[in-house]
Amino acid sequence: MYISVMGQIKTWVFLGKMSFWLSKTNTFCWIIPDHRTYQRLHRVPRFFGTISYSNVTMCTKMITSHSKCGRLNDALHLFDQMPVRDTIAWNSIVKGCLDCGNLSIARKLFDEMPERNVISWTTMISGYMRFGYVELAERLFKEMPFKDVAVWNSMVYGYFSNGRVSEAVKVFEEMPCRNVISWTSMISGLDQIGRSVDALRVFKRMVGDGIEPSASASIFPCLITACANSRAIELGTQIHARIVKLGCVDEEYITSSFITFYANYKQPENSNKIFREYVHDSVVVWTSLLTGYNLNSMHNDSLTVFTDMIKLGILPNESSFTSALNSCCALMSLDRGQVVHAEAIKLGFEASAFVGNSLVTLYSKCGGILDGIKAFEGIEVKNLVSWNSIIVGSAQHGCANWVFTLFAQILRAGVEPDEITFTGLLNAASHSGVFLKGKRFFQFFTKYTLIKMNVQHYACMVDIMCRSGELDKAEDFIKNMPIIPNSLVLLNLLNACRTHSDIEIAERVSKYILDLDPHCSAAYTLLSNLYASAGRWNDVSRVRSQMKRRKIAKQEGSSWLNQHGRHPDVLSGNISHPPI
DNA sequence: TTAGGGTTAG
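Each residue of the first sequence is one higher than the one before, counting from 1 in our numbering.
To be clear, the hints were calculated from the coordinates, so they are not data collected in a lab.
Keep in mind the model is a prediction, meaning the values are calculated, not measured.
Quick reminder that beta carbons are idealized off the backbone N, C-alpha and C, glycines included.
Misleading hints may appear alongside valid ones.
Think about it this way: if two alpha-carbon atoms lie no more than 35 angstroms apart in a straight line, the pair counts; the simulated DSBU-like pairs of lysine-lysine are [stated by the list, open to error]:
id : residue 1 : residue 2
1  : LYS204    : LYS311
2  : LYS68     : LYS374
3  : LYS365    : LYS447
4  : LYS479    : LYS439
5  : LYS452    : LYS374
6  : LYS439    : LYS365
7  : LYS365    : LYS311
Per label pair, the in silico range of CB-to-CB distance [said to hold, decoys possible]:
id : residue 1 : residue 2 : range
8  : LYS479    : ARG231    : 33 to 39 angstroms
9  : ALA342    : GLY535    : 43 to 49 angstroms
10 : LYS554    : LYS447    : 39 to 45 angstroms
11 : ARG440    : ALA342    : 41 to 47 angstroms
12 : GLY378    : LYS473    : 41 to 47 angstroms
13 : VAL455    : VAL165    : 24 to 30 angstroms
14 : VAL455    : ILE88     : 56 to 62 angstroms
Please model the entire structure based on the sequences and the hints provided.
Here it is in structure tokens:
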């Protein structure tokens, strides 16, 4: 919460965890809540009083407060009223316009500034970078009369955040001097694009250059994250020991990155230990634990964390909701998902893409597709993940025509489909028996897009060919695949051989599968069933004795059902003890 | 005691 106070403070008002300054007498008090506080503020009066516009420092503070809450008009009005403005005030109003997303006013004010210092230039350049206007940022950077290390850092960070990696690296190498922030930008930039190993190399180079991170350096959280992402558990543990010595493990950013680090290494007990040892009321720290449990399939624990957060008044954000909904989905628990959904509605998150996408997946997997569609339609700004979630969900429900309509809508919306969209389309075509359409999609994607085909796409195509009875074509297709077929692709064909009683192809395919994986029980079972249905009992007993010799047991089929909120694992023939 | 550069969860 941002509070600016002028005059004497007379009263404290407490509302839950929040506290507000209020004035009783003729003194002035200004209350500006942040986004989170707004939700609790409707009962609290706001006090306005006489402003001394000549107090430049106070007005500047207020401009910053207004703009951080998205009240650009108030900020601009205040700025207009100021009889005297120094460079700091000008910089603050430019920054305010940028924080509120109004680039054109920011640039206009920047041009009107009577005097610009290095901060004015950096503010404008970072603003351009933030909104993706890289070329404009570059132009200003060239025009800038004097460049300090901060503006160079802005360029490195700006290039990374716009996906211009080579430029970021080039600028970093060209920098006349570097500080810890320059190295941090480089390390986190590389880590975030998945080059975590390179990120750690940069860190080693930094240490080699004799730069030591200080106790409060924010390089640590991004280092720990890079270790978490690059399987560098040893280095991560060393950094942990170092941070303990420096005595800053209790910092929010460090705590949360460690929770994730240990969760990534399948040590959720260590995540929990750090969480309990360094108590925070930060939603990010709590969400790290929630997500850590989720990652380690401890879905009940993750939902307990979620409910504890709410009980303690720590408001979950989009990420917390995403993880909690994923846990509900993994537990196939529609009712718990609905409770989380209700919380999301209460906090106004149902239109968010993050939350909405998880809701679409939850409802498509555990509920009805109609609820999934409703959640999809509720998403205000749909992204590719939203489209993919509803396409994959609808495909699983066999709604092929609806999937094709959605695909047409994607193209119309100008969203670029990816390999997941393609898998969804092929699945829809194969599950609904629209084989010709599936084949056409395959041709379309291979000819007209740059999407890299993966083994799932080939498995779907084999499935489509097999379902249309074209076993020979499917076999040829597998032979000519540019990637090595996995057992899923081959088992699809073998299964089709059983349906179409084609022993000749089945023998070739099963030999191929067993060469790749001699313990594939499904291949033995399918082949023996095929011989049995053809009455070739000698071959049946040959296959079975082979299985015995190699100690391969027939795998029992299983399925998940949701009965009265419980989830018994139903094995073929008998019901096992429910896990909950 | 007002302005710029970075860091955590997804």
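Status of the hints after comparison with the structure:
{"no.": "1", "hint": "LYS204 to LYS311", "in the structure": "44 angstroms, violated"}
{"no.": "2", "hint": "LYS68 to LYS374", "in the structure": "34 angstroms, holds"}
{"no.": "3", "hint": "LYS365 to LYS447", "in the structure": "32 angstroms, holds"}
{"no.": "4", "hint": "LYS479 to LYS439", "in the structure": "18 angstroms, holds"}
{"no.": "5", "hint": "LYS452 to LYS374", "in the structure": "31 angstroms, holds"}
{"no.": "6", "hint": "LYS439 to LYS365", "in the structure": "26 angstroms, holds"}
{"no.": "7", "hint": "LYS365 to LYS311", "in the structure": "28 angstroms, holds"}
{"no.": "8", "hint": "LYS479 to ARG231: 33 to 39 angstroms", "in the structure": "36 angstroms, holds"}
{"no.": "9", "hint": "ALA342 to GLY535: 43 to 49 angstroms", "in the structure": "59 angstroms, violated"}
{"no.": "10", "hint": "LYS554 to LYS447: 39 to 45 angstroms", "in the structure": "43 angstroms, holds"}
{"no.": "11", "hint": "ARG440 to ALA342: 41 to 47 angstroms", "in the structure": "43 angstroms, holds"}
{"no.": "12", "hint": "GLY378 to LYS473: 41 to 47 angstroms", "in the structure": "43 angstroms, holds"}
{"no.": "13", "hint": "VAL455 to VAL165: 24 to 30 angstroms", "in the structure": "28 angstroms, holds"}
{"no.": "14", "hint": "VAL455 to ILE88: 56 to 62 angstroms", "in the structure": "59 angstroms, holds"}
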